[in-house]
Amino acid sequence: MEKFFLAVALGICFLVLLVLYRVVFGPGVFNRVAAISAVGTKTLIILLIVGFLYRRVDMFVDISIVYALLNFIGCIAVAKYLEMEQ
Amino acid sequence: MIHRGEDVIIRTIARMLIPFIQLYALYVIMHGHYSPGGGFQGGVILGASLVLLLLTYGYHDARSRISEKIMIIFSSLGVLIYAGIGFLCLLLLGNFLDYSMLSRILHVDAAHARSLGILGVEIGVGFAVMAVMVSIFLDISTGGVLPGDEEEKEKQVPVSEV
Amino acid sequence: MEVTLLVQAADESFAILEKARVRAVDLMNTAAKLTSETRWMEEKKVRAIFRGAQETRAGLQNFAVTFVILFLFWALLSGKYDAFHLSLGVICCGIVAYLGHDLLFYNVRAGDMRVIAGRFLIYIPWLFYQIVLSNFHVARLVLSPKLPIDPKLMRYKTKLESDTSMVTLANSITLTPGTITIAIENGEFVVHALSRKVADDLNAGDMEDRIAHIFMEADHIYIQDVLDVARIFAALR
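Protein sequence lines, in the order shown, are assigned to chains A, B and C.
Using this note's numbering, the first residue of the first sequence is number 739, and each one after it goes up by one.
Using this note's numbering, the first residue of the second sequence is number 36, and each one after it goes up by one.
Using this note's numbering, the first residue of the third sequence is number 1160, and each one after it goes up by one.
Warning: the hint list may mix true and false statements.
Here are the computed lysine to any residue pairs in the SDA-like style, where the Cα-Cα straight-line distance is at most 20 Å [to be verified]:
no., chain 1, residue 1, chain 2, residue 2
1, C, Lys1318, C, Asp1359
2, C, Lys1316, B, Val43
3, A, Lys818, B, Met168
4, C, Lys1239, C, Ile1250
5, A, Lys780, A, Tyr759
6, C, Lys1356, C, Asp1309
7, C, Lys1316, C, Val1326
8, C, Lys1203, B, Ser99
9, A, Lys818, B, Arg39
10, B, Lys104, B, Val167
11, A, Lys818, C, Ile1341
12, C, Lys1203, B, Glu41
13, A, Lys780, A, Ala745
14, B, Lys104, B, Gly178
15, C, Lys1203, B, Arg98
16, A, Lys741, A, Ile784
17, A, Lys818, B, Arg46
18, C, Lys1356, C, Leu1302
19, A, Lys818, B, Leu173
20, A, Lys818, B, Met36
21, C, Lys1203, B, His95
22, C, Lys1203, B, Val43
23, C, Lys1239, A, Val799
24, A, Lys818, B, Ile48
25, C, Lys1203, B, Gly93
26, C, Lys1311, C, Asn1362
27, A, Lys818, B, Val43
In case anyone wonders, no lab produced these hints; they're calculated from the structure.
Using the sequences and the hints given, assemble the complete structure.
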């Protein structure tokens, strides 16, 4: 079971690398913001799988919830700033 | 950046989420000895929820909850709780922040007294961190002059030169 | 003599026109006062959200329901059910519910919360079923080699009235794959749809009817419909 989850985690890491292309080369800042938000979503899943691999899922669930909240608030803050700039 | 947003969706979702975010922050503070968390982390999440309130509703509408005066009171209150518990242990003939001396007034054994003492200082730290987070956000986003202060500045009579 | 009669008639018509003009100016002033009053009332309602319990009715019921929901959330998060942690939970939930009791349920009539909650729980399995159907449809579109998509931006007016129901509809539209709500401007939805079939589903308004049924909104007759019918009737006579 652990090998399966390890393979899933590596697969999601590869998907994060694909999204990083948009972060680096995205023409304009809106593409970069949306890509960073998507990277945050995948980071949550990787955190949970790492928690399962270390056999202490309850600890990592707390950290995942906090990261999801901060991702949401950060996305709204950046969007508000960009709207104000125009 | 702290003007009222016009989008209905973000306003409604933010106002529904904020009590849950605050409750989660208090959970993180209270369970610091058992799961990752503690005073500083809970204070940051609490500050983040108030920043969300400011971002979506604007300073003018949120002023009754998050004015500068309330934030100054909370930061001082947090430091007072921390230093107060320390001095209480000093008054009970122990060292500074020697929580086992609290077992004299609380009538529990020394281990429980230490646990309760740590919980008390974590609550103090949480208050202080929340207040400082919101103050820093208000200072950076408005450049030091809050939207309500301009009228007060005009009312001040300048000192005349002799 | 006809000239004087003509001059008198002209004078009287000018007097009537002048009176009509004065009345029109009065009506315009009342209308302006009413719109500024409605704007002031809306601002007052918004300020009432942030000024605590005194200005909204059923404040105590809001506080109780918020407290119960938050305490269930606390019991879910904290795995320890001994007296010390539960009493800490009661104190924390009490503080948060007191400070934010008018944030969670804004302007809900007092008896309706149970009915709305029940209908909402029945709506959720139907939403899951729609999400599964849309998933299959979008997967078939995306995986076929010639990519038969037809993306377009649609605007349409809704019959929903309150904030909560509009946000529920926007979230349901975004959750089903193939459509994304972009904004809500003045009661008009701006939706981006991926293909013709998905756009037709949206125009049929099935989701909107169900959400209006949940929040008990579209149950009454609209005044504008009655006025339209009356005008058509008068024109036909």
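Violations among the numbered hints, reported as their numbers in ascending order:
none
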